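Line by line, the protein sequences give chains A and B.
For the first sequence, the numbering used here gives the first residue as 1, with consecutive numbering after it.
For the second sequence, the numbering used here gives the first residue as 1, with consecutive numbering after it.
Bear in mind the hints are in silico, worked out from the structure with no lab data behind them.
Check before you lean on any hint, since a few could be wrong.
In the EDC-like style, the derived pairs of lysine to aspartate or glutamate whose C-alpha atoms are separated by at most 20 Å in a straight line are [stated by the list, open to error]: (1) K39(B) / D69(B); (2) K151(B) / D453(A); (3) K297(B) / D453(A); (4) K133(B) / D491(A); (5) K119(B) / D491(A); (6) K278(B) / E19(A); (7) K751(A) / E772(A); (8) K278(B) / E20(A); (9) K559(A) / D69(B); (10) K242(B) / E474(A); (11) K83(B) / E72(B); (12) K55(A) / E20(A); (13) K62(B) / E51(B); (14) K584(A) / E72(B); (15) K504(A) / E474(A).
Covered stretches of chain A, going by a simulated chain B footprint (3 or more residues, C-beta under 8 Å) [said to hold, decoys possible]: (16) 154-166; (17) 337-346; (18) 463-471; (19) 599-608.
Just so it is clear, the structure is predicted and the values come from calculations on it, not from any experiment.
The beta-carbon is built from N, C-alpha and C at its ideal position, and this holds for glycine as well.
Residue strings, one per chain:
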Amino acid sequence: MKVSYKWLKDLVDFDWSPEELATRLTDAGVEVETITPLGMGLEKVVVGEITRVQKHPQANHLFVCEVEIGSEFLQIVCGAPNVKEKVKVPVALIGARLPIGVEIRKTTLRGVDSFGMICSEKELGIGEDQKGIMILDSRLRIGLTLTEALDLEDCILNLDLTPNRADCLSIIGVARDVGALFGSSVKKPQIRFNEIDELTKDWVEVEIEDPAACPRYAARVIKDVEIKDSPFWLKRKLESVGMRSINNVVDVTNFVMMETGHPLHAFDYDLFSQKKVVVRRAESGEKFITLDEVERSLNKENLLITDGKKPVAIAGIMGGMESEVSSNTKNVLLESAYFDPRVIRRGRIFLGVSTEASQRFERGMDPNGVVNAANRACQLLEELADGKVLKGVVDNYPCPIVPAQVTLRPRRVNQILATDLKSKEMVQILKRLDMEVSENQDLRVTVPTFRPDLSREIDLIEEIARIYGYDKTETSMKASGSLVTRLSEEDRFITRIKHFLVGKGFYEVLTNNLVDPKILKRLCPEISTVNLQNPLSQEMSVLTGSLVHNLLGVISWNKKRKEEDVRIFELGKVYLTRENELPKERLHLGLALSGKREMIHWGTEETEVDLYDLKGILESLASNLGVSFHLNQEKTIPLKSDSSFQITVDGTKVGILGEVAQEILELFEIEGKVFAAELDFERLLAGIPMRKTFQPLPKFPPVNRDLAILVEEDVLSERISDKIKTVGGDLIEEITLFDVYRGKQISPGKKSLAFAIRYRAKDKTLTDQEVEGIHQKIVLELEKSFGAILRKQ
Amino acid sequence: MKKYQEDLEKARKEVFEELAKVDKIKNLEELKIKYLGRKGIITSFLKNLKEVPTESRPTLGKLANQVKDQVEAIFKKRIKELKIREPSEEKRIELLDYTLPGRRGWQGKLHPITQISEKIIGIFYGMGFEVAKGPDVETDYYNFGALNFPKDHPARDMQDTFYIHDDLLLRTHTSPVQIRVMEKRRPPLKIIAPGRCYRHEAINARSYCTFHQVEGFYVDTDVTFADLKGVLSAFVWELFGKEIAVRFRGSFFPFTEPSAEMDIACVNCKGKGCGLCKYRGWLEILGAGMIDPEVFKNVGYDPEVYTGYAFGMGVERITMLKYGIDDIRLFYENDLRFLRQF
Ligand SMILES: [Zn+2]
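Build out the structure end to end from the sequences listed, making use of the hints.
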């Protein structure tokens, strides 16, 4: 909504500058986004009179004019077809910088000097007319600056209105708030016009089929109008608030809408097929051509204005092309109505349009301002279109809407706002907002119908607060509430894991979880995704079901930008649909790794990451959390078939880990290997022991023994260490695999594994013999179970 | 037994004599193997224990172990001594260049949004707020209805929404958590609810389809607008510095009444006016207000008994202001060159 500073000044007294006004309104909840000054660049444009016009000696289409600008006469070359002697025109002097960006200099046109420019409306940025130079009112004094002469100086406040403030979609509404803030009252325009003897009701009757949708419909008729251009002041006013001038009749309805807020509609009366207005619901599938020349298909949500035979407008949204006021119009039927906001909203959403009228009606207009708005238009049509206003209003208003009565307890106001306002001060504020207040201990407030947003005590408390000023109320710096604040285990572990991984060199990422189902399905074909009904695009139409998917996107982005070494993680949700329930949202931890193992260093050999880097990170994490992870081979689609594992904690699957399959990497255009893991955070959390118990430190010394064996390639090292543990039982404190060797001295298909075993008894010092005994047993058992061969050192 | 004892003593003396002559680590290592290796002289005494009579085994065993410990200790000591001496010889060849880069490991960073979220949550946690969470996919009721957004009301246009189907949507704000918590518990409640939200808006430098919000609310028997102003002022001063000017101005949210918008003096121009603040001198930082009685009714609280305030802020916006980031999309691209900066 655009509001002219000058227009406001016409309606209410205040002495704030545009900037100060903007601040006051913004503080009170009527946000002024920007202030645009008008009339800028016209400082060196003055009123001049053309005293002589001669043909240019060298050019057919040019004229050499002599122009009086008060103190002197200027010679100006001009090409406009409408240039003539004895007219007053705007003259841009040398040095002027016009709003359209032109700078005026002394020039020579085909050998004739020119000392300025006679301008069109367009060139001055004050109108659309560019057919010729602008002809000014002959009464204007020569030499006056144009801004002074035409009263052009103004500031436009661009309001960003909240949807509750329907009343501020009018200059009077904004003026009311200004008055309440400043302490003055709105000077509403006096409405006076003549009615002729003919009766409106003889010309038109109004029938409302759906009074719930259209509680009020008032019609007036204005005869014998003369359709023409609006006067300059009206054009200026409309243009200043961003509306285009059409003709005097349409302009009057728009002007009244801007002034009072109430949308009006002017029909060409003679295009009605009978003397009747019928308001009814549209049939579904009914076709109608609106005044923007679009044929629209309607449904029952749309309310129609008809003449009883054919529709003439979509109520509250847009008029029809056929009944539009045109240059041939003689008699005007003026509509001023009140429609149910919900009906207009549903109707315009169905049609996919939003108009000045629909914006107002869907926010709620004043049902009791209907006749006033119509009369204001009659006054202007009489004045500007020489119209003859028929006597009376045909006003169909079966169930008048009465103003709300609200009880306001001054004590409650002060309780909520922590203020110390007197009842009198509250009354004063409410009265300035045009509310009626009867004072008892509690206040009885009558809320005018132009404020449909105010119906409860708390609404009035807000009105008092915003007019009194939020910044004038107290600020309490004391603490209150409960003494204990808790942080959930989940949140504590989230923080801990994030910080742990950052310490391990991982960057945390946050990805867009709206993803492309085509790609997601390649990673997890069985997933039942949560699909959006109205996505921004197909590429972002489902909620993600895999963090690995999202992380691959990040790796791809970075590798394309020559960031090859990527270590990233995300703690984010994945989403799965469920029948008759909210979708399942599970928190996952995803990790991905690619590129070099270590930062380039002069003392370190450069190597690429492999599976054991990622596994190692997870093992460290497990040790940090006090759980232990086990891997089992299990094929998962996004991972390479021979490098795809499930991670378990105490037999429960908590996630997957492995090397990302080549065909998946190709989807993301990634070159090089990527290792990735994805863990279900809730399951992981469930595996973390929450209670810790102290174990006494060992009292007896340990005995360390190494064990190197040869086994077949397919024997997994964990099987061997498990076996060692089983055989050694409680006496084995720790087994560390410290060497894996293939190659020289080892026959192909075999590998050498070397374990360091630490033996310790809880209750005594182990002797060499005891250890040797167990050690031998272990060797035998390994030989038997795995065909292991002991390597002698 | 006597023989065993004597031999042991002899071996011990030998060790000390030979040790005195050695002045290179390499030679020392050889000597160590000779005495303490698998088949070393001292080691063999322990192995030979099984050949002495059973009754003297404990005494001799103890003795042999003592000697072994003693010899091990003296080796350790000598190695240490020699190690200190030897590098000084190498120094003449290779100078220690302490300006060479050290062996650094990779260092990661938390996402800037997480860093600022942690900061925000930390400040409120310190003021007695407890953390609560809710689902991203919400019903129309929790996201709108219970928060006093009537159906067919223009207030719904304030938040463009992604729908799953007519009743199911991606939450447009974290405010549904208010309803979920209040439905389950009774006041006093002092809650902070961080989380991801979604808006059906075209993606550009200023807006993205997903973003993070931190919601907060406090419900008790005598909560006032002054408490709201106090908590939010304290928060902003913690986050942006004590000297920063704040202002509260009128606004509209269906679930609060009175509603307010909180501004801080522009962090860029300190209020003088610049491009960042669109020459207003102020930056919008969060929305807030007193919880609307309708909301209380929807969760079964008596609005005559309880009052409360609520507020919500966009983490992306605050992070952008704090670091001077001018494009919201950077947060979701996760370019390492971006993440490294925070
Ligand atoms: Zn600024």
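Straight-line alpha-carbon gap K55(A) to E20(A), limit 20 Å: violated (53 Å)
Checking one constraint from the list: CA of K151(B) to CA of D453(A), max 20 Å. Satisfied? holds (15 Å)
Three residues or more, CB to CB closer than 8 Å: is that satisfied between the stretch 154-166 of chain A and chain B? n = 4 at 8 Å, threshold three: holds.
Between the stretch 337-346 of chain A and chain B, are there enough contacts, at least three residues with CB-CB distance under 8 Å, for the coverage claim to hold? holds (count 4)
With a C-beta cutoff of 8 Å, work out whether three or more residues of the stretch 463-471 of chain A approach chain B closely enough for the coverage to hold. holds (count 4)
Quick one, are K133(B) and D491(A) close enough, alpha carbons at most 20 Å? Given that 20 Å is the threshold and the Cα spacing comes to 10 Å, the pair holds.
Is the straight-line distance between the alpha-carbon of K751(A) and that of E772(A) 20 Å or less? violated (24 Å)
Per-stretch coverage check for the stretch 599-608 of chain A, three Cβ contacts closer than 8 Å to chain B: holds (count 5)
Would you check the hint for K297(B) and D453(A), treating anything up to 20 Å between C-alpha atoms as holding? The given pair, whose Cα atoms are some 19 Å apart, holds under the 20 Å limit.
Given pair status - D69(B), K559(A), alpha carbons within 20 Å: The given pair, whose Cα atoms are some 58 Å apart, is violated under the 20 Å limit.
Is the Cα-Cα distance between K278(B) and E20(A) 20 Å or less? holds (16 Å)
Quick one, are K584(A) and E72(B) close enough, alpha carbons at most 20 Å? Roughly 64 Å separates the two Cα atoms, so the pair is violated.
Violated hints for the displayed structure, listed by number in ascending order: 7, 9, 12, 14 and 15.
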